[in-house]
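Trainee: Spelled out, the chains give:
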Amino acid sequence: MKRVRILIKPKEGLLDPQGRAVEEMLRDNGFNAQHVRVGKLVEMEVPKGEDVKSIVEKFIINPLIEDYEIEEL
Amino acid sequence: MKFAVCVFPGSNCDYDTYYVIRDVLERDVEFVFYNEKDLSRYDCIILPGGFSFGDYLRPGALAAKTPLAEAVYESAQRGKFVIGICNGFQILTELHLLPGALLPNLNMRFICKDVFLRVENGETPFTREFDRGDVLRIPIAHHDGRYYVSEAELKEMEERGQILFRYVDTEGKPTESANPNGSVSNIAGVMNKEGNVFGMMPHPERASEDILGSHDGLMLWYSLISE
Numbered sequence: 001m002k003r004v005r006i007l008i009k010p011k012e013g014l015l016d017p018q019g020r021a022v023e024e025m026l027r028d029n030g031f032n033a034q035h036v037r038v039g040k041l042v043e044m045e046v047p048k049g050e051d052v053k054s055i056v057e058k059f060i061i062n063p064l065i066e067d068y069e070i071e072e073l
Numbered sequence: 001m002k003f004a005v006c007v008f009p010g011s012n013c014d015y016d017t018y019y020v021i022r023d024v025l026e027r028d029v030e031f032v033f034y035n036e037k038d039l040s041r042y043d044c045i046i047l048p049g050g051f052s053f054g055d056y057l058r059p060g061a062l063a064a065k066t067p068l069a070e071a072v073y074e075s076a077q078r079g080k081f082v083i084g085i086c087n088g089f090q091i092l093t094e095l096h097l098l099p100g101a102l103l104p105n106l107n108m109r110f111i112c113k114d115v116f117l118r119v120e121n122g123e124t125p126f127t128r129e130f131d132r133g134d135v136l137r138i139p140i141a142h143h144d145g146r147y148y149v150s151e152a153e154l155k156e157m158e159e160r161g162q163i164l165f166r167y168v169d170t171e172g173k174p175t176e177s178a179n180p181n182g183s184v185s186n187i188a189g190v191m192n193k194e195g196n197v198f199g200m201m202p203h204p205e206r207a208s209e210d211i212l213g214s215h216d217g218l219m220l221w222y223s224l225i226s227e
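As you go down the protein sequences, you meet chains A and B in turn. No gaps in the numbering here: position 44 of the first sequence is 44 in the working numbering, and each next residue is one more. No gaps in the numbering here: position 76 of the second sequence is 76 in the working numbering, and each next residue is one more.
Treat the hints as calculated values from the structure; they're not laboratory data. Be aware that one or more of the hints could be misleading.
Stated by the list, open to error - Below, in silico cross-link-like pairs of lysine-lysine (DSS-like), each with a Cα-Cα straight-line distance of 27 Å or less:
(1) Lys65(B) with Lys2(A)
(2) Lys11(A) with Lys155(B)
(3) Lys113(B) with Lys173(B)
(4) Lys40(A) with Lys58(A)
Unchecked claim - Stretch-level coverage of chain B by chain A, calculated; a stretch enters the list once three of its residues show a Cβ under 8 Å from a Cβ in chain A:
(5) 57–68
(6) 101–109
Yeah, the Cβ is synthetic: ideal placement off N, Cα and C, and Gly gets one too.
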């Protein structure tokens, strides 16, 4: 088995109100952070050779609103 | 016309919808559960509001992968009427039976209040008892109701008359302040190209009797059964 981590982000250009709220909070506290995006993380163990891309694209994300990256751990 | 009301773990407007069909419309209706695979005995399938599977992953995302959702998909392909209300609308977009997606409300809050809707197309099986331009008062209750669709697709949907309801002010104007969740182009309800699948975020079943404060949702049900 291998362990994979899927990082899910709101698609570029899509207004992310969670990210905006965090950014405003940071600014209100005197920090300068820009382009904050809040996403999700999914971890799973799969047999070697399992088609993780297919799992992610068919079941985990909605390609209309989300982008993803797969990391092998 | 025989109705089915779909029940997923976490559906919570299922009984309200069932009640309206059985007691107000006096039509045949049955509950069907998320592991059911056969919907052949129904003419109209309703996906009610609620929080199917706890809204985990995304609202509607897990419900869209159940045996029942597959049966809903097949029924829609065969031309049966399918209606999604609130979480049901989210499920229909996750199933790609309707274009677009539902995102978190712009203000990040759960919003529960009455809103005004304008009928944008009164010539569909879901709206034929209305006239274009009619303004209705119907409640919303959602956290993820911001309808999103690409600009190009929105244009095509407009041209095909797929937008059935928009959020408006009391005068019937689709202003920014009348848009409760930040939906693109103030959209509250849409239909598929073929004209048999329809989804909306507001709850017509909660506005189907005077005792509830509004019966403006009733005509939607009458539209369906008046053929």
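Trainee: Taking the hints in turn, state whether each one holds.
Mentor: Hints versus structure:
no.	hint	in the structure
1	Lys65(B) with Lys2(A)	holds, 25 Å
2	Lys11(A) with Lys155(B)	holds, 21 Å
3	Lys113(B) with Lys173(B)	holds, 18 Å
4	Lys40(A) with Lys58(A)	holds, 17 Å
5	57–68	holds (count 4)
6	101–109	holds (count 7)
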